Structures are given as C-alpha cells and as structure tokens.
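K.L.:
Sequence:
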Amino acid sequence: MNYIVRVSNFLYYQIIKYREFDRLQKIKIKYGIECIISELSKIIIYFIIFSLLSLTKEFFIAILFFSSFRIYSGGFHQDTYISCFITSFFLLFTIIKLPNLISFTFETKLILIITTYILTYIYSPVDHPNKRIKSKKQKKKIKYISIFVLIILSFISLILKPSFSNISISALFIQSITLLVGKIHQENS
425 MNYIVRVSNF LYYQIIKYRE FDRLQKIKIK YGIECIISEL SKIIIYFIIF SLLSLTKEFF
485 IAILFFSSFR IYSGGFHQDT YISCFITSFF LLFTIIKLPN LISFTFETKL ILIITTYILT
545 YIYSPVDHPN KRIKSKKQKK KIKYISIFVL IILSFISLIL KPSFSNISIS ALFIQSITLL
605 VGKIHQENS
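Just so you know, we're using our numbering here: the sequence shown kicks off at 425 and counts up by one.
Certain hints may be false.
[As the list claims (entries may be wrong)] Straight-line Cα separation of at most 35 Å, DSBU-like style, residue types lysine-lysine; simulated pairs:
hint: 1; residue 1: 452; residue 2: 564
hint: 2; residue 1: 452; residue 2: 607
hint: 3; residue 1: 450; residue 2: 607
hint: 4; residue 1: 561; residue 2: 521
hint: 5; residue 1: 454; residue 2: 533
hint: 6; residue 1: 558; residue 2: 441
hint: 7; residue 1: 454; residue 2: 466
hint: 8; residue 1: 607; residue 2: 481
hint: 9; residue 1: 560; residue 2: 466
hint: 10; residue 1: 560; residue 2: 481
hint: 11; residue 1: 585; residue 2: 454
hint: 12; residue 1: 567; residue 2: 450
hint: 13; residue 1: 607; residue 2: 560
hint: 14; residue 1: 452; residue 2: 565
hint: 15; residue 1: 533; residue 2: 563
hint: 16; residue 1: 521; residue 2: 565
hint: 17; residue 1: 452; residue 2: 567
hint: 18; residue 1: 558; residue 2: 452
hint: 19; residue 1: 481; residue 2: 558
hint: 20; residue 1: 481; residue 2: 565
hint: 21; residue 1: 585; residue 2: 558
hint: 22; residue 1: 565; residue 2: 454
hint: 23; residue 1: 452; residue 2: 560
hint: 24; residue 1: 521; residue 2: 450
hint: 25; residue 1: 481; residue 2: 466
hint: 26; residue 1: 466; residue 2: 564
hint: 27; residue 1: 561; residue 2: 466
hint: 28; residue 1: 441; residue 2: 481
hint: 29; residue 1: 481; residue 2: 563
hint: 30; residue 1: 585; residue 2: 450
hint: 31; residue 1: 466; residue 2: 452
[Said to hold, decoys possible] Here are the simulated distance ranges between beta carbons:
hint: 32; residue 1: 514; residue 2: 446; range: 37 to 43 Å
hint: 33; residue 1: 538; residue 2: 449; range: 40 to 46 Å
hint: 34; residue 1: 449; residue 2: 586; range: 31 to 37 Å
hint: 35; residue 1: 564; residue 2: 503; range: 27 to 33 Å
hint: 36; residue 1: 495; residue 2: 535; range: 23 to 29 Å
hint: 37; residue 1: 467; residue 2: 531; range: 22 to 28 Å
hint: 38; residue 1: 491; residue 2: 531; range: 24 to 30 Å
hint: 39; residue 1: 441; residue 2: 526; range: 50 to 56 Å
hint: 40; residue 1: 558; residue 2: 506; range: 15 to 21 Å
Hints are computed from structural coordinates only; laboratory data are not their basis. Only a predicted model underlies this, so the values are computations on that prediction, with no experimental measurement involved. Glycine residues also receive a C-beta, built at the ideal position from the N, C-alpha and C atoms.
Let's have the full structure, built from the sequences with the hints guiding it.
P.N.:
Written out as structure tokens, the structure is:
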C-alpha cells in the first residue's frame, strides 16, 4: 500500500506544480490518482496470477464484464486495500470457476440473468462510502443506466462462445450479489 501512496504523491505533485487548483480540486485529484493507481496495481497482480494459472482469457472476460457493470451499479466495498484485493481476487476466481461447478444450461443462464436483473432493479445503485449519491433523481438515473448496461452486457454474453458466455453471465450474477451485500452493509453501518 505504501508504494501506492508514494506513486500517487509523485504524480499528484507533478500535476499541481504546473497549474493552480483550489483545495477541493486538489483533494479530488489526489483521491482520483490514488484510486487509479490502486486499481491498476490490483489488475496487474491479478493478471500475473491468472496467467500463471493459464486463465488469462478467462480473467479478461471476467474483469471486463464484472467491472463494466460495477462502474454503474456499485456494490460492496471493503475498507482496506488488502481486504479489497483478497475479496476481489476471490470474486474473480469464483466467476471463472463457477461454470465448472454447475452446468450452465440455457435454463441455468436464464435463471442467473433474471436473478441479476431483479437484484439490480431492487438494489442498484449501491454508492461508495466516499462518494455518496445524494439526490433521488440521480439515484434513479444511475439505476436506469445500470439496467441499460446490464441489458447490453447480457446480450453480448449470450452471443459469445459457450465458455466465455458462462464466465460473463457468472460475472454479471456475482456482481449483482455484491449489490445485495453492499446494501446490507450500508444499512448495518
């Protein structure tokens, strides 16, 4: 984690030394850089691990569908980098391996997709603790964007070759579960 702070600080100071920003802008820039560096570092490490496991293509499908949906729908967030790293790795590994554990028949896919839509409709968006969605209008807009993105990703997942289709549907389903977990966590906080 220390390297993230060092790299983020270096980039932050490189940006602010050439232009003036007010205090709030500086806070947003620093936070944004830390988020980008943190996520990039996790993705690089995951890429290495999944490549060593000969699951590179599966990893890319899993992270592409999971992240593309999560950007809009939100979900459960851990409090620390290491707990986030471990949880995210577990989720990605589960997404990739779930199709090996259960048979992804057409009926199974349909049940998972319908469940994903229901959970998304009920719980999306689950906002980040550091970036709350304040207005009901904004929440409603984000919910509809989440559903629209889910529709597109669902259709794409159904036209992929079977092994990638199963992983992509698994990714969407697991991400929808994080919505439920995130809502429960928010209500208990």
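K.L.:
Each hint needs a verdict: does it hold in this structure or not?
P.N.:
Each hint tested on the structure:
A threshold of 35 Å between alpha carbons decides the hint, and for residue 452 with residue 564 the separation of about 25 Å falls inside it, so the pair holds. Straight-line distance between C-alpha atoms of residue 452 and residue 607 comes to about 25 Å, which keeps the hinted pair within the 35 Å bound. About 30 Å separates the Cα atoms of residue 450 and residue 607, which keeps this hinted pair within 35 Å; it holds. Taking the CA atoms of residue 561 and residue 521, the gap is near 38 Å; set against the 35 Å cutoff, the hint is violated.
The straight-line distance between the Cα atoms of residue 454 and residue 533 is roughly 42 Å, outside the 35 Å bound, and the hint therefore fails. The suggested pairing of residue 558 with residue 441 holds, with an alpha-carbon distance near 33 Å, which does not exceed 35 Å. Under the criterion of a C-alpha separation no larger than 35 Å, the hint pairing residue 454 with residue 466 is consistent with the structure, at around 18 Å. Distance check on the hinted pair: residue 607 and residue 481 sit about 31 Å apart at the alpha-carbon level, within 35 Å; holds.
A threshold of 35 Å between alpha carbons decides the hint, and for residue 560 with residue 466 the separation of about 33 Å falls inside it, so the pair holds. Under the criterion of a C-alpha separation no larger than 35 Å, the hint pairing residue 560 with residue 481 is inconsistent with the structure, at around 39 Å. Pair hint residue 585 plus residue 454 does not hold up; C-alpha atoms about 41 Å apart against a cutoff of 35 Å. Note on residue 567 and residue 450: the hinted pairing holds, with a Cα-Cα distance of about 30 Å set against a maximum of 35 Å.
Note on residue 607 and residue 560: the hinted pairing holds, with a Cα-Cα distance of about 16 Å set against a maximum of 35 Å. A distance of roughly 23 Å separates the Cα atoms of residue 452 and residue 565; the hinted pair therefore holds under the 35 Å criterion. In summary, the hint linking residue 533 to residue 563 is supported, as the alpha carbons are separated by about 28 Å, within the 35 Å threshold. Annotation: proposed proximity of residue 521 to residue 565 holds, straight-line Cα distance about 33 Å (limit 35 Å).
A hinted pair counts as satisfied when its Cα atoms are at most 35 Å apart, and residue 452 with residue 567 qualifies at roughly 24 Å. Of the pairs offered as hints, the one joining residue 558 and residue 452 holds, with about 18 Å between alpha carbons and a cut-off of 35 Å not exceeded. Among the hinted pairs, residue 481 with residue 558 is inconsistent with the structure: their alpha-carbon atoms are about 38 Å apart, more than 35 Å. Distance restraint check for residue 481 and residue 565: the Cα-Cα separation of roughly 33 Å lies within the 35 Å cut-off, and the hinted pair is therefore satisfied.
A hinted pair counts as satisfied when its Cα atoms are at most 35 Å apart, and residue 585 with residue 558 does not qualify at roughly 41 Å. At roughly 27 Å between alpha-carbon atoms, residue 565 and residue 454 fall within 35 Å of each other, so this suggested pair holds. For the suggested pair residue 452 and residue 560, the alpha carbons sit about 23 Å apart, so the restraint of at most 35 Å is met. At most 35 Å may separate the alpha-carbon atoms for a hinted pair to count; residue 521 and residue 450 exceed this at roughly 42 Å.
Distance restraint check for residue 481 and residue 466: the Cα-Cα separation of roughly 17 Å lies within the 35 Å cut-off, and the hinted pair is therefore satisfied. Restraint check: the Cα-Cα separation between residue 466 and residue 564 comes to about 31 Å, which is no more than 35 Å; the hinted pair holds. For the suggested pair residue 561 and residue 466, the alpha carbons sit about 33 Å apart, so the restraint of at most 35 Å is met. At most 35 Å may separate the alpha-carbon atoms for a hinted pair to count; residue 441 and residue 481 exceed this at roughly 41 Å.
Proposed proximity of residue 481 and residue 563 is supported: the alpha carbons are some 34 Å apart, at most 35 Å. Restraint check for residue 585 and residue 450: not satisfied, since their Cα atoms lie roughly 46 Å apart, outside the 35 Å limit. At roughly 21 Å between alpha-carbon atoms, residue 466 and residue 452 fall within 35 Å of each other, so this suggested pair holds. Checked against the hint of 37 to 43 Å, the pair residue 514 and residue 446 passes, with Cβ atoms roughly 40 Å apart.
Checked against the hint of 40 to 46 Å, the pair residue 538 and residue 449 passes, with Cβ atoms roughly 44 Å apart. Judged by the Cβ atoms, the range 31 to 37 Å given for residue 449 and residue 586 is violated: they are separated by roughly 48 Å. Range check, residue 564 to residue 503: Cβ separation about 28 Å, and the 27 to 33 Å hint holds. Residue 495 and residue 535 have their C-beta atoms about 25 Å apart, which keeps the hinted 23 to 29 Å range intact.
Our hint of 22 to 28 Å for residue 467 and residue 531 is violated, since their Cβ atoms are close to 34 Å apart. Evaluation of the 24 to 30 Å hint for residue 491 and residue 531 yields a pass: the beta carbon distance comes to about 27 Å. Distance hint for residue 441 and residue 526: a CB-CB separation of about 54 Å, consistent with the stated range 50 to 56 Å. Distance hint for residue 558 and residue 506: a CB-CB separation of about 30 Å, inconsistent with the stated range 15 to 21 Å.
Of the numbered hints listed earlier, those contradicted by the structure are 4, 5, 10, 11, 19, 21, 24, 28, 30, 34, 37, 40.
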